[in-house]
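For this one, chain A is given, so just place chain B on it according to the hints.
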Amino acid sequence: MTNRILFIIMLVAGLTAPLFAYPVFVMDLLCFALFACAFNLLLGYAGLLSFGHAAFFGGAAYITGYVTKEWGFSPLLGILAGAGFATVLGAAFGFLAIRRQGIYFAMVTLALAQIIYFLALQMPFTGGENGLQGIPRGNLFGLIDLNNSLAMYYFVFAIFLIGFGIIYRTINSPFGEVLQAIRENESRALSLGYDVDHFKLLAFVISATLAGLAGATKAIIFQFAALTSAHWQTSGEVILMTLVGGLGTIFGPVVGAITVGALSHELSAYGSWVQVILGTIFVVCVMVFRRGIIGELQRLVSRKRG
Amino acid sequence: MQVIMAQALLGLNVGVFYAMLSLGLAVIFGLLNIINFAHGAMYMLGAFIALIGYSLLEQWFGISLQIGFWASLLVAPVIVGILGVLIERLMLKRLYELDHIYGLLLTFGITLILQGLFANYFNVSGTPYPGQPEALSGVVNLGFMYFPTYRLFAIVFSLVVCFATWWAIEHTKLGSRLRAGVENPDLTQAFGLNVPLMVTLTFAFGAGLAGLAGVLAAPIYSVSPLMGADLIIVVFAVVVIGGMGSIMGAILSGLALGLVEGLTKVFYPPAASTVIFFLMVLVLLFRPAGLFGKEK
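Residue numbers (our numbering), protein chains in the order written: chain A, 1 to 306; chain B, 1 to 296.
Careful: at least some of the hints might be erroneous.
To be verified - Okay, the calculated bits of chain B under chain A, using three or more residues with CB under 8 Å as the criterion:
| hint | region |
| --- | --- |
| 1 | 87–97 |
| 2 | 106–117 |
| 3 | 234–241 |
| 4 | 265–275 |
| 5 | 280–286 |
Said to hold, decoys possible - Anything over 12 Å on all C-beta distances counts as not near chain B; from chain A, calculated:
| hint | residue |
| --- | --- |
| 6 | 72 |
| 7 | 138 |
| 8 | 141 |
| 9 | 144 |
| 10 | 190 |
Since the hints were made in silico from the structure, they are not lab data.
This one's a predicted model, so the numbers in the text were calculated from it and none came from an experiment.
Backbone N, C-alpha and C define an ideal beta-carbon position, used for all residues, glycine too.
So here's chain A without its partners, still in its complex pose:
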């Protein structure tokens, strides 16, 4: 019930947002929201802390940028290519990372992501520190000009809804149930006969693909693939967004992405103080606010009912 209300709010807010907010900013938030939802699928539902999700987000952005700019791919095809790259990368990283558990898993994903960061820095086509610039927005289906910011906005919103829908379906399926069983008690899930590694890997790949989808879309919006989106601090930011919104809740990452994104935007004039403030929010969340905004909200609602 709560979820249905939240979904309607999200739909209405998303459809009307360009009327009262700067579309490019809202599109940026939508990309981060999708990124955070994808990340949450892994940590919130399978209990796997990936500290390398920036590799999928940033890596996909570079691939999308390259194929649309140099090979003349249409934006939709370019985004699919970026997400496809993230799928392959996710399969490779996931295969290696699930060999270790817990905090080791986090360290492995972080180190693997650093390879992508260095490649983005050193490869000839990525533009090094300047990033990949001048990515064309192009036409959607050869009909709709995406340079029109409203057209672009609804295209991005549609992508977000599709990604969100995939995550929602995944969580509320038998597959999602198994993931949660693994999160709660891995050895029990194993003893029930589930191929735990197989489930974990699949969750990792889905999560990586959708993170890539978000990064690819971002490259088209800003016509730019930046080195920062592949940096480990971006992996940290997506964790923060998920944590603030509510780990393991469906809408938490969306709320968290909007909160953190809006906050960083408001504070951007203060230089490195943004980092200090984000770090403080991180500490506060871990210490006293582990449920996050949506998690606390749900607890309040259920307490009133009970």
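Then chain B, alone, in the frame of chain A:
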């Protein structure tokens, strides 16, 4: 040949920092089961304490007390250690009951705070540390080549610290109590040992090691707010390769990987910054528990 030897020595120079940092991580991990993400920031903090103590104390606070390099080697680890005590007592302590990832996330937040604070006041491209002592300037003739005296000192000094730590943990009474605390905290406590105090002091010691490494690095790499940021991820890879099982494993894999990185610079420079990560991939494929680690 000379180029190879020179790069090998420079690689060893990097390797001792990897060793000191992964040793500190291993000590903390052993007792607390927490990966201290702030380890890189503590290394950075150590370097900044040396810099501030040497040249900015008077300018900032009007204290006419210059802390030279030798004093910094003592002061910086102590201050970073005290910070470690505060972090452990006030924050980490409340997270032990929870999933270990919360410890990682907490220390990640602390990293952002520390980095942001210093990035506000200092140039990210780095400030040279002016306090390198006279006695360590110049070069030494090693027979086959000349090598900067300070770098040689840094190698020897770090090796002594690393092996002293290993010896203290493996061969002293204090060390055996620590290991007992790791093996079985409840039983150790029942024997009348103060395990929470041991945990706090261990965390402080690990943090202090990072601070000490920072002071040692300051004259070589100059002091910058981000000096620990990318280094810590390499150290994580070193830890995964070495396996967190043993103290000696942390030291040896740190040294070896520094060497590998140095030699890659000779043979194929573009891969120098990623070679450790690729080795990590190989190790994960064939020995997931790490070279020195025990399969759990």
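Structure versus earlier hints, numbers of those that do not hold, lowest first: none
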